[in-house]
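Go by the hints and put chain B onto chain A.
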Amino acid sequence: MKDALLNETKTQTRRKNTVQCYHCGEACDRSISADQKFFCCEGCKFVYQLLQENGLCNYYELSERPGIKVRGKFSSQRFAYLDNDEVKRKLLRFNDGNISHVNFYLPQMHCASCIWLLENLHTIDAGILFSKSDFQRKDLFIAFDPSKISLRKVVELLAFTGYEPYISLHDADKKKGRKVNRKKIFKIGVAGFCFMNIMMLSFPEYFSSGNIGNPALQKVFSYLNLVLSLPVFFYSANDFFISAWKGLRQKWLNIDAPIALAILVTFGRSIYEITSGSGAGYLDSMSGIVFFMLVGRWFQDMTYDSFSFDRDYKSYFPLGVTLLKDGNEETSTISALQSGDRILVRQNEMIPADAVVTKGQGYIDYSFVSGENTPVLKKGGELVYAGGKQLGAAIEMKVVNPVEQSYITQLWNNDVFMQQKNKDKSFIHPWSRYFTLILFLIAGGAALYWSYTDSSKIWPSVTAALIVACPCSLLLSATFTFGNMQRHFGKNKLYLKNASVIEALSKIDTIVFDKTGTLTYSAQANVLYQGDKLTNHEINMIYSLVKESIHPLSRIIKQDLIVSHPVHPLAVKDFRELAGKGLKGVVESKQLRLGSWHFITGDGFLRDPSLSGEVHISIDGVYKGYFKISNQYRDGVTEMIRTLSPKKYQLHVVSGDNDAEKRNLQSIFGAQARIMFGQSPQDKLNYINKLKNEGREVLMLGDGLNDAGALKQSDVGVAVSENTSQFTPACDAILDGRGVNKLHQFIQYARSGKKVITWSFILSILYNIVGLSFSVQALLSPLIAAILMPVSSISIVTFVTLATSFSAKNKGL
Amino acid sequence: MSVLILLIAFSILIAGGFLIAFIWAVKEGQYDDDYTPSVRMLFDDKPGSDNKSSLLPKQ
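Protein chains in written order, with this note's numbering: chain A, 297 to 1109; chain B, 128 to 186.
What you were told as hints is all true, and nothing was included just to trick you.
Selected chain A positions facing chain B (in silico; Cβ < 7 Å):
1. A408
2. F431
3. I481
I should point out that these hints are in silico values taken from the structure, not numbers from a laboratory.
This one's a predicted model, so the numbers in the text were calculated from it and none came from an experiment.
Glycine included, every Cβ here is placed at the ideal spot set by N, Cα and C.
Chain A with its partners taken away, still in its complex shape (with noise of 0.2 Å):
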């Protein structure tokens, strides 16, 4: 996971002859340099000419390119906020005057090069006293001195050199600081060395046979061993008897009770036996018992915190808006805006609330809720949705729904979002109560056989019963196989959110896709050129002008241009950007033209709205051609289709996009597939909804904000990324968007794993029954419990690892 996690860098085209930027590894041209170094913008070239004077270059000597592109400006005023006391009060976690703490949430933190640098950001400003990263966490913790920086400065300056912190409404609602959970090292640590120490005291016992022949000395050992197994039984193992007891209350014996009866029993028979002097007891086993537990509970656990698998709409709206109140600007929070307030809304910023544009012009990029990349003009007096982003210039709104109640967020009032998914649906915990019950069955029977042979032998073999069948090996079987399981699909980019997805993902039997950004590359494209042929010099020029704008579009046809010609910026002059139209200006003398179909060629006439990836040339009025920009279906994923259409899965497709690419996608998955477009974020939900009605095993795969409902809805959830450090909504597992060709194998390796705990089940079973053959008789000693109890956890536990990591390579995994 580790490795996975350091090789995350961006994904670049790499293609010969291509310059890339020395800062961030995108592809650019020759025009702007330093040092003999190439950069793709003036952005990455202050911040490498920021580094250099601080004596940082060592940056780019740790990893190769290591930058992070910052795309667009910012404005003066977008940390404003942070000045506010109340933002800042919520923000800091200590603050006595001379020196502030702060954490930040970095999701940018890729590589070695980002710690370095994050943790010699004191070089930059002697404001800032230290700072220390957590890779994993992708935290930085700074400690500032409040009197020669402020907080202002502070993020600012993690933002203009690209590692812009998360600051949302979610952290600043949490208590401050995350809190590291190290009662469960505490818990396995006292429980490893008590169970060490009891079996080393237990060593003369194993090998004189219950007859150590020195009476003080027996009785020593027995009690230190007492002493020794008090922290395990009061402190290791009281999760289990929490659990066991929460769960009786509410009539349900769920799988700790078993566990819990069995410590129980142990330490009861072992206290009795000592005090009386009868024999030495199994305290070495109960403790073994509760360590392997731990231990394999800790391994299945190990989840990763990076990623956030429960974000709701509040992570992803800014904490501070800018309020407008008699005319001037005011920073406030964005819980406390009111319907009827008026906000200034800035370039790059988001929208927060549902608003009506009331000065300005409105050019909203609204990708990150419906992944759709391609901007909305809105004209004074419209409405526009909270969650667009505002790609032009500053505008004023006016409020018409706070937050809570705007459209967006209105989707978590659903009762999905109040439910928990899989709980306790797992089939180990039926196991677990038929294991019980046989159990007390044959303790049961021996108890009946010996009260009419031998009342005395009653009490101890029904103990040992009890104390040799303990279902640990059955839980440990589940706990390190879905441990083992969730690293292998860890390491093939499919990061899950607990085990208990992987039950669910057995199941699956319905297949739903979302298209933009799920099945295509969400920046990606195809760029094809139709028309006049052009000439090195008028592409040099179509180059320049694309190069100023910030239009998605632009951009797709920059980077193509950039890797497709070995071009050359010119000087455009009289640049303007249309927002909705397209772009103008003069290069060399000529007026050059792109964009829609109207704006090139006046004509009245709409071409076909699907049709709308077209950006359209004119040079001097001269029309010339088109490029026609499409989706970029992710490498493999037709193949992928293929592989999962006759294996008795159910197809869908919902998009929320128009039917343009409906013919495309039939023909990838076949005639049965039901493909639906144009289908808001309720839709989805409810066509989830349905097909679950339907009694189907639902997988949901999506990217955007309006995919949340779904993926919450669905049985498994699979939220797909481009870049794993993204947001992405609530749900049960992330997958790299390298990943989703691989989803076929995905399911069947998640089905092989129920194999795996069954044969393990049918192992520990057999361990089962040779302990119990000695129990019954009455013949069980410490000696055979000690030996039982370890030998089948440590061989279980080898063989569903080795029975998991064989599968996986077998899936292609």
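Relative to the frame of chain A, chain B by itself:
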């Protein structure tokens, strides 16, 4: 035989010392982040740079 009891007392005392050391290490946060320090130790210190770890938050 009393020498055996003495030895056992010693051994438990030493083992207990290790347990305390373990608890201390966990409390100091040595198990909180098991990855970053392995990268950090490979960075070269510039001569003359001062150690500021005393500013770490007490947890």
